[in-house]
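Add chain B to chain A, keeping to what the hints say.
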Amino acid sequence: MSEETPRKEYLDATYDMFLGSIMGEKSEYDRFLEWVHDVEDDDAFPFETCRVGAQRPQVSMRRTSGELLDVINMSSYNYLGFGYHPDVIEAAKEALDLYGLGAASSPVHSGGFEVHRKLERTLVDFMGLDGRSASVFSSGYGVNTGVISALMRRRHHIVLDRAAHMSILEGAQLAGSKLHYFEHNDVDQLREILKEIQSKKKRRVLVCTEGVFSADGDFGNLRGIVEAAKEYDAMTLVDEAHSFLVAGENGRGVAEAHGVLEDVDLYVTTFSKALGGVGGAVIASEEMARYINWYAKCRMFSCAIDPAVTAGVTKALELGGSSIGDERRKRVKSNAMKLREMLASDVDLGVSESWIVTVNYGDEERTIPLLDALQRKGLDASVLQFPAVPVGESRIRLFVTSEHTDDQLRKAADIIIAAANEIGFSTRSS
Amino acid sequence: MSEPSLGGLAFADLWNIDFHCAFLFEVPVGPAEALLPEDLEAVEAAPGLALMSLIHAHYTPENRGGPEPFDEIVCSILVHPDLSLDMPTPRLTLGVLDVWSNSQAFVEYKTGALGMPVHYHPSLRSEIAEDRLSTKVWDHDGPIFEMGLGKIEPNFHEESFYGQYFAQPEQDLNQGPWRWSGRLTEHQRPREASSTLHSHPFFPESVLRGSLRCNMQQLSEPGATVNMRTYAYQVADI
Numbered sequence: 001m002s003e004e005t006p007r008k009e010y011l012d013a014t015y016d017m018f019l020g021s022i023m024g025e026k027s028e029y030d031r032f033l034e035w036v037h038d039v040e041d042d043d044a045f046p047f048e049t050c051r052v053g054a055q056r057p058q059v060s061m062r063r064t065s066g067e068l069l070d071v072i073n074m075s076s077y078n079y080l081g082f083g084y085h086p087d088v089i090e091a092a093k094e095a096l097d098l099y100g101l102g103a104a105s106s107p108v109h110s111g112g113f114e115v116h117r118k119l120e121r122t123l124v125d126f127m128g129l130d131g132r133s134a135s136v137f138s139s140g141y142g143v144n145t146g147v148i149s150a151l152m153r154r155r156h157h158i159v160l161d162r163a164a165h166m167s168i169l170e171g172a173q174l175a176g177s178k179l180h181y182f183e184h185n186d187v188d189q190l191r192e193i194l195k196e197i198q199s200k201k202k203r204r205v206l207v208c209t210e211g212v213f214s215a216d217g218d219f220g221n222l223r224g225i226v227e228a229a230k231e232y233d234a235m236t237l238v239d240e241a242h243s244f245l246v247a248g249e250n251g252r253g254v255a256e257a258h259g260v261l262e263d264v265d266l267y268v269t270t271f272s273k274a275l276g277g278v279g280g281a282v283i284a285s286e287e288m289a290r291y292i293n294w295y296a297k298c299r300m301f302s303c304a305i306d307p308a309v310t311a312g313v314t315k316a317l318e319l320g321g322s323s324i325g326d327e328r329r330k331r332v333k334s335n336a337m338k339l340r341e342m343l344a345s346d347v348d349l350g351v352s353e354s355w356i357v358t359v360n361y362g363d364e365e366r367t368i369p370l371l372d373a374l375q376r377k378g379l380d381a382s383v384l385q386f387p388a389v390p391v392g393e394s395r396i397r398l399f400v401t402s403e404h405t406d407d408q409l410r411k412a413a414d415i416i417i418a419a420a421n422e423i424g425f426s427t428r429s430s
Numbered sequence: 431m432s433e434p435s436l437g438g439l440a441f442a443d444l445w446n447i448d449f450h451c452a453f454l455f456e457v458p459v460g461p462a463e464a465l466l467p468e469d470l471e472a473v474e475a476a477p478g479l480a481l482m483s484l485i486h487a488h489y490t491p492e493n494r495g496g497p498e499p500f501d502e503i504v505c506s507i508l509v510h511p512d513l514s515l516d517m518p519t520p521r522l523t524l525g526v527l528d529v530w531s532n533s534q535a536f537v538e539y540k541t542g543a544l545g546m547p548v549h550y551h552p553s554l555r556s557e558i559a560e561d562r563l564s565t566k567v568w569d570h571d572g573p574i575f576e577m578g579l580g581k582i583e584p585n586f587h588e589e590s591f592y593g594q595y596f597a598q599p600e601q602d603l604n605q606g607p608w609r610w611s612g613r614l615t616e617h618q619r620p621r622e623a624s625s626t627l628h629s630h631p632f633f634p635e636s637v638l639r640g641s642l643r644c645n646m647q648q649l650s651e652p653g654a655t656v657n658m659r660t661y662a663y664q665v666a667d668i
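For the protein sequence lines, the chains are A and B, in the order given. All residue numbers for the first sequence refer to this note's numbering, where the first residue is 1 and numbers rise by one. All residue numbers for the second sequence refer to this note's numbering, where the first residue is 431 and numbers rise by one.
If you are wondering where the hints come from, they were derived from the structure by calculation, not from laboratory data. Each hint should be verified, as a subset may be incorrect.
[As the list claims (entries may be wrong)] Pair by pair, the computed Cβ-Cβ distance ranges are:
(1) A:287 / B:460: 27 to 35 Å
(2) B:619 / A:66: 53 to 61 Å
(3) A:179 / B:619: 39 to 47 Å
(4) B:478 / A:196: 29 to 37 Å
(5) B:586 / A:285: 40 to 48 Å
(6) B:468 / A:192: 19 to 27 Å
(7) A:179 / B:475: 18 to 26 Å
(8) A:301 / B:619: 24 to 32 Å
(9) B:570 / A:198: 27 to 35 Å
(10) B:513 / A:427: 38 to 46 Å
(11) A:15 / B:478: 53 to 61 Å
From the three backbone atoms N, C-alpha and C, an ideal C-beta is built for every residue, glycine too.
So that you can see chain A by itself, here it is in the shape it has in the complex:
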């Protein structure tokens, strides 16, 4: 930023600063809105944009100011492009005609439709796991909060990777169990914790981790973590939200790639990433899945996932299990590699090794000007800053899809490099 530009106070504010007040007055709302308005007054507010069309690689989006921008879309999770695939849309339309808009009831009562059963069977068939069932939720976030709090109680132990998703943490807090954390992917520390727990009393223990960690774009050390859990008779929950349908030879996730798929007790996925829909599921033993259907409160006391989305997700899953899926899996990985190569000599790519390509830009105060600049140059990306990541470790996340063209990848890389030079986080200039 130029030295002549008067410093904007809103650049110093971070999301956590408006978390609340312990007093009776409610000024956090006003203060938060004041911050938003200050940014909007500068015509620089890059959040809460609206897409004008599907989540394709190139989209038009409207900012809160009303301005319409055409951008390369690297901020949605539609990794294999199934969210707008014609067969998926057709399946959803047919279900909409047949079943109407919503399920209008809990899945345990009268909100179950034949499309739900079909999705459950398709999920289990896709995973190729005998003796397993799927429990489908209307929200991917709800899978973790519901499953963990259904199975774990106050006297139990939950051991979490430090980088685990908020939904896992909230599920663990809801369960009220004793929480333990191991440093990200640190199997030795996990073993120490499990050994300590085991040395005391016989208790139910659940170890939670992920296939791909979305903040860093790196893989979970599933082979080591699942083996350690088994060694100490602990259950495992692996959230493959960002890796289901993409990682592994058959798209069965990082657990497949690491050869531990059959050893994972609770395999969690969402439908909003590579399947391009919304909702989620846990795949577990038939007994556990049936129990979860009833005892995951956010499932039992929520309306079932809507039938049109269910049918669309099922079709996306069928496509994902076909040669189309194989092709797109290869392409998304190849695209991510190409983008990394285009960026590597100009910016810090962090530890990312998946289809979530991260670019570190450091200071939080760069967040708003950076995202504003990216959008105006023609790229929409996701940004993460404190408190989602440590202070001074802010980053851009680029969600690469199989449908991005080489030209779009090149343009995106050029925009990032130009912004890095302007804002001052290019590794060439340092």
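This is chain B only, laid out in the frame that chain A set:
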């Protein structure tokens, strides 16, 4: 012929109870859990509410109690069961806080046979109403509780269910299964139930500070005998 074991634990005793009154009261979960051994977890019937079970049993003399009829009162918190025991799913699991009886022989026997904290209180007395639908219990310190159906019309029927208990009279946490069978009336209409718990050394003070709304009542049928089967206990491996 000996009766079958339950949960892998040998049958021990068949108790014949001529009056059995078991009420559940809602108590704050925090103070309730604080009374329990560390390894037990209170059942949270509603957010923030645990359940305290209060039982008055009146026994006929043949129940190892000596020549006279005698009383037993039991205060427990409902806790989560141990489902590793191979037995039908327990309907109730009691985290036993205290057991009082006015029969020394019963106290001595039950302490050894069930591994429970059973205490001898010779001044314990009860008055069961003529219609046998309510009871009062007191001792030399004063009234302990009054419990009754109140205005509720009883609906007696045959019932049989399984349960478990945990108790920690000293160092070890003991556990055992039980089976209740007999004729009872049961309801969950707390606003119409009649019950008063008095401030008395039998009750932990901390739970008496809660709402103490009666949550459920069970009462045995007048003239019918309740059968309570108990089994050998073991040290809980939890």
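Tested hints:
Taken as a hint, the range 27 to 35 Å holds for the pair residue 287 of chain A and residue 460 of chain B, whose Cβ atoms sit roughly 33 Å apart. Residue 619 of chain B and residue 66 of chain A have their C-beta atoms about 60 Å apart, which keeps the hinted 53 to 61 Å range intact. For the hinted restraint 39 to 47 Å between residue 179 of chain A and residue 619 of chain B, the CB-CB distance of approximately 40 Å keeps it satisfied. Distance hint check: the CB atoms of residue 478 of chain B and residue 196 of chain A are about 31 Å apart, consistent with the given range 29 to 37 Å.
A hinted range of 40 to 48 Å holds for the C-beta pair residue 586 of chain B and residue 285 of chain A, which are about 42 Å apart. Separated by about 23 Å at the C-beta atoms, residue 468 of chain B and residue 192 of chain A satisfy the suggested range of 19 to 27 Å. At roughly 25 Å, the beta-carbon separation of residue 179 of chain A and residue 475 of chain B lies within the given 18 to 26 Å, and the hint holds. For residue 301 of chain A paired with residue 619 of chain B, a C-beta distance near 25 Å keeps the hint of 24 to 32 Å intact.
For residue 570 of chain B paired with residue 198 of chain A, a C-beta distance near 50 Å fails the hint of 27 to 35 Å. Checked against the hint of 38 to 46 Å, the C-beta distance between residue 513 of chain B and residue 427 of chain A comes to roughly 57 Å, which is inconsistent with it. Here the CB-CB span from residue 15 of chain A to residue 478 of chain B is close to 31 Å, at odds with the stated 53 to 61 Å.
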